[in-house]
Every structure is written in C-alpha cells, then in structure tokens.
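J.: Each chain, letter by letter, is given below.
Number of protein chains: 2
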Amino acid sequence: MFESAELDHAIDKKTFKAQVPALREALLDAQFDLLQSRRFPVVILISGVDGAGKGETVNLLNGWLDPRDVETNAPGDPSDEERGRPPMWRFWRSLPPKGKIGIFFGSWYSAPIAEHMEGETKLAKLDQALERIRRFERMLVDEGALVLKFWLHLSKEQQRLRLKSLEANPKTRWRVTTRDWRNFKIYDRFHGVAEHVLRQTSTAEAPWTVLSGADPNYRSLTVGKVIVEALRRRLDFPDGPCNLRTVLPATPATNGVQILRTLDLTKKIGKKRYQDELEELQGRLNLLVRHPRFAKRAVVAVFEGSDAAGKGGAIRRVTQALDAKVYRVVQTAAPTDEERAQPYLWRFWRSVPRVGRVTVFDRSWYGRVLVERVEGFCPEADWMRAYSEINDFEEQMVDNRIVVAKFWLAISPEEQLRRFQERGETGFKRFKITDEDWRNREKWDAYEAAVCDMIDRTSTEIAPWTLVEAEDKQYARIKVLRTLCERIEERL
Amino acid sequence: MFESAELDHAIDKKTFKAQVPALREALLDAQFDLLQSRRFPVVILISGVDGAGKGETVNLLNGWLDPRDVETNAPGDPSDEERGRPPMWRFWRSLPPKGKIGIFFGSWYSAPIAEHMEGETKLAKLDQALERIRRFERMLVDEGALVLKFWLHLSKEQQRLRLKSLEANPKTRWRVTTRDWRNFKIYDRFHGVAEHVLRQTSTAEAPWTVLSGADPNYRSLTVGKVIVEALRRRLDFPDGPCNLRTVLPATPATNGVQILRTLDLTKKIGKKRYQDELEELQGRLNLLVRHPRFAKRAVVAVFEGSDAAGKGGAIRRVTQALDAKVYRVVQTAAPTDEERAQPYLWRFWRSVPRVGRVTVFDRSWYGRVLVERVEGFCPEADWMRAYSEINDFEEQMVDNRIVVAKFWLAISPEEQLRRFQERGETGFKRFKITDEDWRNREKWDAYEAAVCDMIDRTSTEIAPWTLVEAEDKQYARIKVLRTLCERIEERL
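From first to last, the protein sequence lines stand for chains V and S.
Going by the numbering used here, the first residue of the first sequence is number 24, and it counts up by one from there.
Going by the numbering used here, the first residue of the second sequence is number 24, and it counts up by one from there.
Next comes chain V alone, as it looks inside the complex (with noise of 0.2 Å):
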C-alpha cells in the first residue's frame, strides 16, 4: 500500500515556484465555483505518520485557500464540552455546511488508531471502530459530501533522517524529544496497523490518497493538484457518478515517479547460475509441498504482467516442481456466459484451492481493474468498488491459511515490441501480432497507471505484490520461485 509513496519523489524550487501561482488560482476558482453553488460540502482529512508535514499540508491549504470559508480543526485534547457527549460530536458539530470546505487535521481515524497502538483495544475492537468509520463516511457521501482523505507517508530511513537532522541544527533540536524517539521504535508496527486501517477504509465512495511526506514541494503541490481535480470534477459534471473520484490515481505520481518506471529492467543472471538456482529452487519448492504440515496450508500464486512479459515461461518453472495431483493452472480468458451470469469474483472462488494443493492464476481477478478499467468494459463505479472487494476475497483465502502471492511481470515497451517481433516471425501472420502491438502501445500509459493503482491498493501486508523485472527472463523465474518458497516458509 507504501510501494509508491515510499519512492523518491523530490520536486526542485524552481518547479515548485513555477507551478504554484497557476495551482493557487485554480484552488480559489474551484472553491468560489463551490461557494456559488452550494451544492456539496468538501470534508478533507490529513493525516499520516507523525512528521510528514501534516501540520504544515494544513497551514498550507489555509494559505492558497480563501480562509474565511475553510474550517480547519486542529487535533488536541477534546474540551468539557466535548468529553461530556459521544466521541462523533465533536466531528459532528465541526462538519462543513454545503459549499464550504472543512479541514480535519487529526480526524476520526486518531482515536481508534493510538487507542490500538496503546494496546488498549484488541484487533476486533479496532475493526469495530472502522467498521462505524466506514458507515459514517458512507453516510456523508450518501448526503452529498465530496470526502477527500490524504494519508502522508515517511519510510523508516526517512523518518530517522528527519529526526537527525532536526537534532543536527541547534535552532531545531529541542523539537526532538524522547516521544518521538520512542515513537520511532514502534515504526514497524504502526506501519502494520497504517496499513490494516487504509485497507479497511479505503472504500469506494471515499478512497484514500496515500502520499509521500518526505518533500514539501511535492507534497504540497500534490494535495493542491487533487484537490483542485476533485472539485473540478464535482463542479463540472453534476450529473456523473459523483461520489466517485476515480480519475484519481491512489497515490498521484504529479512528479511523474511512478512504481513500474523505477524497476531496474537490466537486472539479468548468468545461464550457469540460472540452472545452479534453478534446479535448488525447484527442489525447495518440491519440499515444501510435500512438508506435513502444508497438508493445512494452500498455494495461490496469481501471475500479471503485460502480453508477452514471460508468465507461460515462469509459470511451467513452478510446475515443474510440483506433483501434477497437487496443482492446477487456471487461464484466464474472457468469461463464459455461465460465468457472465454471475459476480465477478465467481468463477475465481470457483478454483480456490482446497488444503494441500496449489492453484496458479495465468492472468486473474485483477483483469477487472486492468483490461476492464483500460478498455471501458465496465463502468468506473463497478472497477473502483473491486479494489475493496479483492482485498476482502484475498483475506478470505489468507485467513484461511491459503498463501497468496501475486507477481507483476514487467518488460519495457520496447522488450515487447521485440519480442512480439520474434514471435511474428517464427510465427505466419507477423503482420497482425504488428497491428495489435501498435494498438497496445498507445494504451501503454492508460496500462500504466492501472498496474500502479493496483498496487497501491492491493498490495497489502497480508497479500503483497512483488513486482518481477522480467526482461532477462532467466532472472524473471528464479525471481518468482525464490519469492514463492520465502512466502511458504513464513506461512509454514
């Protein structure tokens, strides 16, 4: 859910001075176009990892923002007031009326969140508390709200950098205290309980943005750029499907960082060290398979990439390894009309494995927020609301002790193309494969940005993605089995 807001997403001064000006002006025309129209409230949450800049997002958008029809709520202590009634009042009373912008700076996700890092309440406990979370907002956006929710990220490494350096500068150095050291050495656990929350709220009626905090020009003029979108797009198209802010992409890459183009395509592996890997590999897998106590375990392991990114290659590698009774290949093509005649997710449920055995999806449930997004075969509101229900069948198969492990197969365009080549000349009918190819190339980017969403919102700490460079193909399979047989062992 970090992948992306956890990469370098620096923006210099001199761009952020050059964008700023005309984001400030669309900012202000969007709000006076709310104001005038009166037709929605716009609820706005910052949150995220301590010292991401929250603080700062906030006195920033107070800043670019007419302020006098903006109400920011700071976070603190709730008053007597407030402490006499239930703990929604005080949101309650705070919500902005139509046409008007509310900041909630430290929102109703705090609460739930530190009582359960304090470990006060359980798991069960919590997932109640997201649960009435989740209904809340469904409610707002029910009644008309625009909900926009930011979550501002920090790495480890980037949240020790940023304490050192406060510590460094003798100006700065008495903001650092012991808390939030202490709080640095739970990083990992919030990060886990961050990520739990963003999965069971990020909804598709009011989807969570996760960014990265590290830098302040592209943080700021990430928020902006959002926000402005979001507006717009509620402004322009009243009679769209506007509960929905999908045109957003979960974490915006304004920059133009985005996860697949980062992936370091000339990773390759020798041939002697290949079939050395290869053949241990395949062999621990075996093993493992055959271990006792995998009689209660199960095996999903989902393969995506682009046409022609090597799934058949490194699919027929984990199969070799495996005893034909313990395993099965589903290949996912278009659905059947028995299959159309039911959900979606059906004819996945379908070949979940029982314990003990080993399903590989050749291309999957993902198809719907991949092929169906990219190609319009189904409507926005149908592909957004698959994120959550993904996530929920996957934590199904988990739950149940199925370990699932999802690969993304990534080539260059270029790979492609030449690999498409090859194909078409082995092959009789090249002159179509080159037909096809061009019209791939000019959705590569619409691709794109789907693969990213998918990640961003489907790669959980329960079932993660691993995103696979595949242009040495070699590399590619020792990549996916070595990934596999990890997954197993922790599971085991």
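Hints in this document: simulated from the structure, not taken from any laboratory.
All C-beta atoms, glycine included, are put in the ideal place defined by N, C-alpha and C.
One thing to keep in mind: the hints can contain errors.
[As the list claims (entries may be wrong)] When the alpha-carbon atoms are kept at most 20 Å apart in a straight line, the in silico DMTMM-like pairs for lysine to aspartate or glutamate are as follows:
(1) S/K291 / S/E104
(2) S/K148 / V/E418
(3) S/K319 / V/E104
(4) V/K319 / S/E104
(5) S/K319 / V/E105
(6) V/K348 / S/E104
(7) S/K319 / V/D103
(8) V/K187 / V/D73
(9) S/K148 / S/E418
(10) V/K179 / V/D238
(11) S/K123 / S/D287
(12) S/K148 / V/E105
(13) V/K123 / S/E362
(14) V/K121 / S/D360
(15) V/K319 / V/D422
(16) V/K179 / V/D211
(17) V/K319 / S/E105
[Stated by the list, open to error] Beyond 10 Å from chain V on every Cβ pair, some chain S residues (computed):
(18) N206
(19) V375
(20) V378
(21) R386
On the provided structure of chain V, position chain S as indicated by the hints.
T.: For chain S alone, kept in the frame of chain V given last:
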C-alpha cells in the same frame, strides 16, 4: 424489532385456500419472466428461530415454484471438499446465476450466530463476521442480485407451546429432544443475539423481513407475497431504484394485523389515581436525575405521535419534575437553511445532551421515515438508508451511557377529529383545522404503515420504542413517566 412479528397473525384455512391459487400463479409468472429476462439472480435466505417453520417454508417454495430453476441449499455440516476451503466457498459455489432463484436454508448467518451462542466468539468477533456479511451482500446487490432475507420468529410462549404440543402427540413425541428444551432455555439470550444480528445487517440494499412463524398459513402466504411483490417490482420497473424493495414493509401485514391496531386504546386511569401516581413518579424522576451516578449518565427522550396525540402535555409532565438547568426541550420544526446545508442528522447531533443532562425531543430524527417518507419530501433511497443511520446514531448515544427512551403516542382517528374540533371551537379558525384534518385522514393509512415500519426497524434491544395508548391523556402521561423512570433505573 420483533414487535409486529409477535402479534397473532393467524389466517384461517378457508382464507388461505382461497388465496393460494392466485399466489401460485403469480409466483410462476414472475419466475417465468425472470428466466426469460435473465437480468438478475434472486437470492432468498430463510433464517430464524428453530421450529418457526424454516424447513416447511423451503419445501413449500419448492412446491410452488418451478423447481427446475430453483436451487435449494440445505444446511448441514460442510463436506470434506468444503471444509478444506474458506467458509464462504460453499455459498459462492451455490449462488444462482442470472434468471434463477437460489434458496439458502442455513446461510452465511448460521455459523457466526452459532459460534457466538456457544460462547466461542465475543461480541466484537461477531461484529467482524457481520461486517463481512454486510460487504458480501452489498457486493451481491452491486452485481445485480435481488436479495430477500426472511427471519421467521416465534415468541418464547409460542416456542414453549409448540414443544408441548409435539410432546403431547404420541406421533410426534420423538421429534422433541433434550436439545430442543436446552435451546428453549437459552431463548432469551438467543433473542438478544438475533436482535443484534438483524439490527446490524438490515441494510438499505438488503433489509430483513421479519415475520411470525407461528401460523403456517400466514407464514406461507406472506413469504410468497413478498417474493412476488419484490420480483414484480424489479421485473416491471427495470430503471427504478432496483436495489431497493422498500414497498415491502419490515413485517408484512398480509392479514391486516398490525401493531398500532392491536393497542387497547380504551385504557384509562381515574382522576384520583392519576394525581397520586403523577406526584409519586415526578418525585421519583427528580430523585433519579439528582442521583450521584446520574452525573455520568444522560437522557434523550423522544416524543412522536399523530397530531393532537398529547405530546406537549406529556412532555410538560416530565419537565415539571426537573430542574430547569438540567433539561432542554427541542421542538423539531422544518429545518432551517443552516440545517438544510448539513446531513439530516446534524441538527439532532447538535442537541445531544452532555452528561448529567436531559434532552426532550418534541418530534425528532424520525421525521425522515415518517413525514418525509409519506409526503415524498425525500427519495425512497434516502429514507430507506435512514433506518440504519438512525440505529447507528442511537447506538453511539447508548454506548456513551445516554438512556434513549422513545415514545409513540397513539390515538384513534376519531379521537383526533374530536380533539381538532374541540380546538377549533375554542380557537377562531375552525374551518381551517377541518381542512387539514381531512387531508390527514386521507393519509392515515400511509402514516400508520410508516409508523409500523419505523417500530419494526428501529425498536432495538438498546433503544426500544414504547407504544403509549394516548386516547386517555392521563393514562398516557403516567405510562410515559413510569417508563422513563424504569429506563433510567435500569441504566443507573
């Protein structure tokens, strides 16, 4: 939640026999149209108390419908195949395709309820399971399914009588096991759990229909009629709000029996007794509110009822007992501009009392499911979702140790007319009141249906409705005061 279902709904054999042929024909017609259109699947759940006729109902439906296009899923322990997979797998594989009907007798509700009853899971765990169910059902509806959930209810006395009558008959004696009597002993606990489950899962998209299972004729006709009505609505109005089936009342009064009409409005109290009890109860209420432990409690008293039912007089008898600093009476009129710019519950949240205080609502948030529903002031989808939003709101108050007491003051239409005329004689615009009165009278039935739905959907174990026979004002005032004292005492 079981108020209406506990009434005597018996339908005699003759009426039953007269109605069945038309109903069966309508069912088969609807089923045929469904199959021809192949537009959506129908998922029917038959749940409820043991002995309320779940199995009989399923058999009956299979007899009445064309069984070739109905798939029935009987309960029973999961098979070997099913045990090796996530618990929901067995239900996914049994989902009906578009155009067909799937009957689930023993559904996804069975295991969570049973595990909780056996003490294996705490409330928070049960809530987690219910939340998953809610998401599953929402997905089904989003994917186009018509989901009809029936809960067959028996009162404790009805269940006892049934067991006794089975035992009395030598032919059926063997059917009563010690397990049945053991289940009967935990009736009260099961009742509480069932109420919780229904409250948590009666959503706008898939609400429960709760009905009495005591009389087979009523039960069969009602289930059949509800299915026909829901099917026809989806088939005949394909562009309507297809996920709602809100023309259907929470507890169908297919035999004309409904809760408001069962009240004994002749209840009276003499003047002397009234004076004595009034004095005693007002003193008792005053002491309760001054009790040291009340400093951590609060009271929300809601008064609803027909025009001229005597709400004002009853409220005055309550406030007379209280120190002016402690209470506030909120008159609910049409919303102001400021209130209209917010979610509809916002203006009531504003008035939630702090600890140690009492707020009396003269009309309330129930306006949304009464006047706004009947007069068409808000769309069906909005008032339909209001039931669960209201339950959430009241749950938050109760969780915060606020006693929520809700009173419906009931009078007959004749008494209302008399009171209007009386007012007209003492006032100066008699003709005007008579106009209004006639308009009211025309909508009396619609209001009555809305009130019954409100009671069945929002009278919960934590915030029950008290129905007050208000034909005699003095009787009503005493009942209100006594109930209020008892509710506070329970919670102090």
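J.: Which hint numbers doesn't this structure obey?
T.: Of the numbered hints given earlier, those the structure breaks are 1, 11, 12, 19 and 20, listed in rising order.
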